[in-house]
Amino acid sequence: MEAGFKDPGAAVLIIGNPDDKCLERLTTLYRVYGPRGLKLIVISNSGVSRVLESMRSFLQKNTSFTIELYVVNPGDATRSGVDKYTDVVTCDQELLEALPSNLKSKVVAQ
Amino acid sequence: MKYEVIITSDRTMMSNHHGKEFLGFIATGPPIAMSERLWLYLAAPKPKVDDLGRPVEAPYGLRKIEAVLVNAGFNAAIIDPDHLDKHVDSAKIVMIGHHDYFAYGPPSSEWWSLTGLEPINRRSFIRLMESPAIRRAKKNGAKIIVGGPAAWQWLYETEFVEKWGVDTIVEGEGERVVVKLVEKALRGEPLPRYVYVGVDNAPGVNEIPVIKGASVNGLVEIMRGCPRGCKFCSVTLRPLRFIPLEKILAEVEVNLRAGVKSTILHSEDVLLYYADGVKPRPDPLIKLHKEVLERIGPDGSVAWSHASLAAIKYAEENYRLISKLMHEYILSEHRKFIGVEVGIETGSPNLARKIMVAKSAPYPPEEWPSIVEDAFRIMHENKIIPAATVILGIPEETPDDVVKTIELIDRLKPYRSIIVPMFFVPMGVLKNNNKWFLRDQLKPEHIEALKKMYEHTIYWAEDIMKVYMDSPRYLPVKALLKYFLWYVKYKVNKYMVKLEEIVKK
Ligand code: SF4
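Protein chains in written order, with my numbering: chain A, 2 to 111; chain B, 254 to 758.
Simulated from the structure, these hints should not be mistaken for lab results. A couple of the hints might just be wrong.
Below, a list of computed lysine-lysine pairs in the DSS-like style, where the Cα atoms sit at most 30 Å apart [stated by the list, open to error]:
| no. | chain 1 | residue 1 | chain 2 | residue 2 |
| --- | --- | --- | --- | --- |
| 1 | B | K433 | A | K85 |
| 2 | A | K62 | B | K636 |
| 3 | A | K22 | B | K416 |
| 4 | B | K688 | A | K62 |
| 5 | B | K500 | B | K607 |
| 6 | B | K273 | B | K688 |
| 7 | B | K696 | B | K747 |
| 8 | A | K22 | B | K731 |
| 9 | B | K577 | B | K688 |
| 10 | B | K540 | B | K607 |
| 11 | B | K636 | B | K731 |
| 12 | B | K666 | A | K7 |
| 13 | B | K484 | A | K62 |
| 14 | A | K62 | A | K22 |
| 15 | B | K437 | A | K105 |
| 16 | A | K7 | B | K484 |
| 17 | B | K416 | A | K62 |
| 18 | B | K696 | B | K273 |
| 19 | B | K577 | A | K7 |
Which chain B residues face chain A? A few, computed with CB under 10 Å, are given here [claimed, not checked]:
| no. | residue |
| --- | --- |
| 20 | W407 |
| 21 | Y409 |
| 22 | R429 |
| 23 | L434 |
| 24 | Y447 |
| 25 | Y449 |
| 26 | V452 |
| 27 | E620 |
| 28 | P679 |
| 29 | L738 |
| 30 | Y740 |
| 31 | K744 |
Each residue gets a CB set at the ideal place from its N, CA and C atoms; glycine is no exception.
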């Protein structure tokens with residue numbers, strides 16, 4: 002019987018390019034939610050290359066759990082396909098302010 | 254025929270390496286003593302392809318992905334890199350796999366560091382990605398998904414991710430995740446930039462499909478994962494699975510039907526096929542060899558991809574199993590030896606205990622050097638030629654550890670083998686420590702170890718070449734290799750002096 006791919010059970014929204022402080026928080030969330038599988042949605046306007054670069058050490062520490070990483074422009078943030086985030090990590094306050102209001106209210110409500 | 258998914262790689266991967274897997278390793282170095290063209294001819298000649306550009310033999314990992322997608326109902330095929338232009342206008346997805354995309358893996362990174370020259374595999378891959386065909390595919394809106402054992406290297410080349418428009422990087426076993434990714438891509442949904450396939454998404458044995466077309470040199474997987482847990486190894490992070498014999502034989506038949514009469518039994522430790530933990534069991538191994546060899550006949554060649562030295566010793570000393578397999582099943586008028594990759598890694602019991610505590614199991618790590626010696630003797634007596642690796646610059650290594658390695662290499666001199674030094678590359682559970690070992694970190698004891706390994710390998714190289722390539726069809730390749738060896742001998746002494754000067758500074 003084919004089991005198929007198990008989608009990650011937890012979704013974390015990351016607003017802005019993660020710096021060391023954000024990565025620390027992300028690591029805590031990883032310890033808590035990692036076993037369920039993690040979907041990480043990074044909203045960033047600095048380009049994929051920069052995001053991957055700043056996430057590298059975090060991604061490399063993982064040797065066990067399923068992680069899916071999405072990188073979206075602030076303009077496409079509402080199209081991430083996730084209805085409910087397990088948690089939110091805000092790394093860029095300005096970017097948070099600039100988010101579309103429906104997403105912002107979702108984030109603030111967390 | 255139009256394919257919605259095309260699967261490919263660059264020339265250094267898409268080749269049968271003249272039927273000699275080991276020659277493929279030549280592509281991990283930069284071209285020395287000859288032009289890049291000749292070097293590529295030596296390492297990776299173009300394979301036979303059909304009218305659609307589908308290679309007769311293709312890398313095994315790509316064959317698995319092709320089989321999963323075809324079984325899931327997608328129109329997918331492996332296409333040779335020289336024939337991509339026939340398909341890029343219809344393809345919606347281009348999937349690419351590689352063992353060493355950017356030459357950061359061992360031993361490429363080491364040759365690069367030692368010579369200061371970019372290895373061929375990296376050059377060849379960059380050429381593929383900048384080729385008109387790949388650019389056209391991207392311009393047409395195709396999604397590019399990259400994966401395979403070297404997927405981690407993309408995290409160090411993030412600018413290329415952006416420049417070439419790579420949509421998804423997949424790290425880990427691909428069987429389950431590729432179906433989801435292809436479905437999403439065809440539906441036009443956003444793709445993740447990066448996926449790490451966790452243990453919960455590792456495919457079960459039933460989900461690992463039988464390949465649809467021949468693999469390079471008839472490689473067939475007999476098990477996946479490794480129970481030994483060495484800290485520097487990524488294979489060991491995967492769960493252990495044994496591939497049932499029927500599936501293995503089905504793949505041998507696929508290869509035979511395509512005219513590939515060789516078989517490489519692939520596992521991280523062939524002798525652990527249906528083993529009792531790390532103790533080899535004679536019955537499954539004898540059955541495996543008997544059935545495979547019955548199919549390929551007395552003139553088909555056979556090899557083991559990897560075996561552990563501890564398992565070789567245990568199997569021989571407890572069951573005389575190595576002699577039995579070799580003399581009763583494998584050796585024939587046409588099969589005068591077999592090749593296998595083995596890992597020595599260090600000659601120091603102390604370091605062995607720190608970084609690979611179970612590599613010596615069921616024996617204790619304190620006995621590691623004598624296990625290595627015993628296993629080399631057993632292989633020599635039974636016509637098994639090992640290509641062994643030794644890792645230099647492991648984070649916890651001391652000068653005394655390297656001295657122990659040097660002494661061990663000295664004791665291995667009587668045994669026909671090649672020994673290849675590898676500079677430490679952060680992988681496995683050490684992958685986040687970022688302590689790459691490079692030329693600047695070489696100490697006098699490393700230079701001595703490099704010399705010893707070089708001398709050992711040169712001592713045996715011509716002898717091995719004679720048995721390895723005894724057919725007249727290998728004459729041109731043999732001539733090039735002989736020339737290369739001559740050149741290396743001529744250059745290496747000067748180079749060692751240069752290295753010593755660098756170390757003194
Ligand atoms: S024995 Fe080989 S495959 Fe197994 S964990 Fe050690 S290095 Fe990896």
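Okay, the hints, checked on the actual structure:
Pair hint K433 (chain B) plus K85 (chain A) holds up; C-alpha atoms about 21 Å apart against a cutoff of 30 Å. Among the hinted pairs, K62 (chain A) with K636 (chain B) is inconsistent with the structure: their alpha-carbon atoms are about 42 Å apart, more than 30 Å. As the CA atoms of K22 (chain A) and K416 (chain B) are separated by approximately 29 Å, the hinted pair is consistent with the 30 Å bound. For the proposed pair K688 (chain B) and K62 (chain A), the alpha carbon gap of about 14 Å is at most 30 Å, so the pair holds.
Restraint check: the Cα-Cα separation between K500 (chain B) and K607 (chain B) comes to about 37 Å, which exceeds 30 Å; the hinted pair is violated. For the hint pairing K273 (chain B) with K688 (chain B), the CA-to-CA distance comes to about 33 Å; that exceeds 30 Å, so the pair is violated. Distance check on the hinted pair: K696 (chain B) and K747 (chain B) sit about 18 Å apart at the alpha-carbon level, within 30 Å; holds. At most 30 Å may separate the alpha-carbon atoms for a hinted pair to count; K22 (chain A) and K731 (chain B) exceed this at roughly 57 Å.
Restraint check for K577 (chain B) and K688 (chain B): not satisfied, since their Cα atoms lie roughly 43 Å apart, outside the 30 Å limit. At most 30 Å may separate the alpha-carbon atoms for a hinted pair to count; K540 (chain B) and K607 (chain B) exceed this at roughly 36 Å. For the suggested pair K636 (chain B) and K731 (chain B), the alpha carbons sit about 21 Å apart, so the restraint of at most 30 Å is met. A threshold of 30 Å between alpha carbons decides the hint, and for K666 (chain B) with K7 (chain A) the separation of about 51 Å lies outside it, so the pair is violated.
Taken as a hint, the K484 (chain B) and K62 (chain A) pair is honoured in the structure, with Cα atoms around 13 Å apart against an allowance of 30 Å. Among the hinted pairs, K62 (chain A) with K22 (chain A) is consistent with the structure: their alpha-carbon atoms are about 16 Å apart, no more than 30 Å. Restraint check for K437 (chain B) and K105 (chain A): the C-alpha separation of about 27 Å stays at or below 30 Å, so the hint holds. The straight-line distance between the Cα atoms of K7 (chain A) and K484 (chain B) is roughly 28 Å, inside the 30 Å bound, and the hint therefore holds.
Proposed proximity of K416 (chain B) and K62 (chain A) is supported: the alpha carbons are some 26 Å apart, at most 30 Å. Our distance criterion of 30 Å between C-alpha atoms is broken by K696 (chain B) and K273 (chain B), whose separation comes to about 35 Å. With a C-alpha separation of about 44 Å, the suggested pair K577 (chain B) and K7 (chain A) falls outside the 30 Å cut-off, and the hint is violated. The criterion of a C-beta within 10 Å of any C-beta in chain A is met by W407 (chain B), whose closest approach is roughly 8 Å, and the hint holds.
Annotation: Y409 (chain B) was flagged as interfacial toward chain A, and the flag holds, the nearest CB pair being 8 Å apart, inside 10 Å. At a threshold of 10 Å, the smallest CB-CB gap from R429 (chain B) to chain A is about 4 Å, leaving the interface hint in force. Below 10 Å, beta-carbon pairs count as interface contacts, and L434 (chain B) has one with chain A at about 9 Å; its hint therefore holds. Interface restraint check: Y447 (chain B) against chain A, minimum CB-CB distance 4 Å, threshold 10 Å, status holds.
At its closest, the beta carbon of Y449 (chain B) sits 4 Å from a beta carbon of chain A; the interface hint therefore holds under the 10 Å criterion. Interface restraint check for V452 (chain B): the shortest CB-CB distance to chain A comes to about 6 Å, inside 10 Å, so the restraint holds. At a threshold of 10 Å, the smallest CB-CB gap from E620 (chain B) to chain A is about 29 Å, leaving the interface hint violated. Taking 10 Å as the C-beta cut-off, the interface hint given for P679 (chain B) holds, the closest approach to chain A being about 8 Å.
Because the smallest distance between the Cβ of L738 (chain B) and any Cβ of chain A comes to about 39 Å, over 10 Å, the interface hint for this residue is violated. The criterion of a C-beta within 10 Å of any C-beta in chain A is not met by Y740 (chain B), whose closest approach is roughly 39 Å, and the hint is violated. Annotation: interface hint on K744 (chain B) violated; nearest CB of chain A at approximately 37 Å, more than 10 Å.
In summary, the numbered hints that this structure violates are 2, 5, 6, 8, 9, 10, 12, 18, 19, 27, 29, 30, 31.
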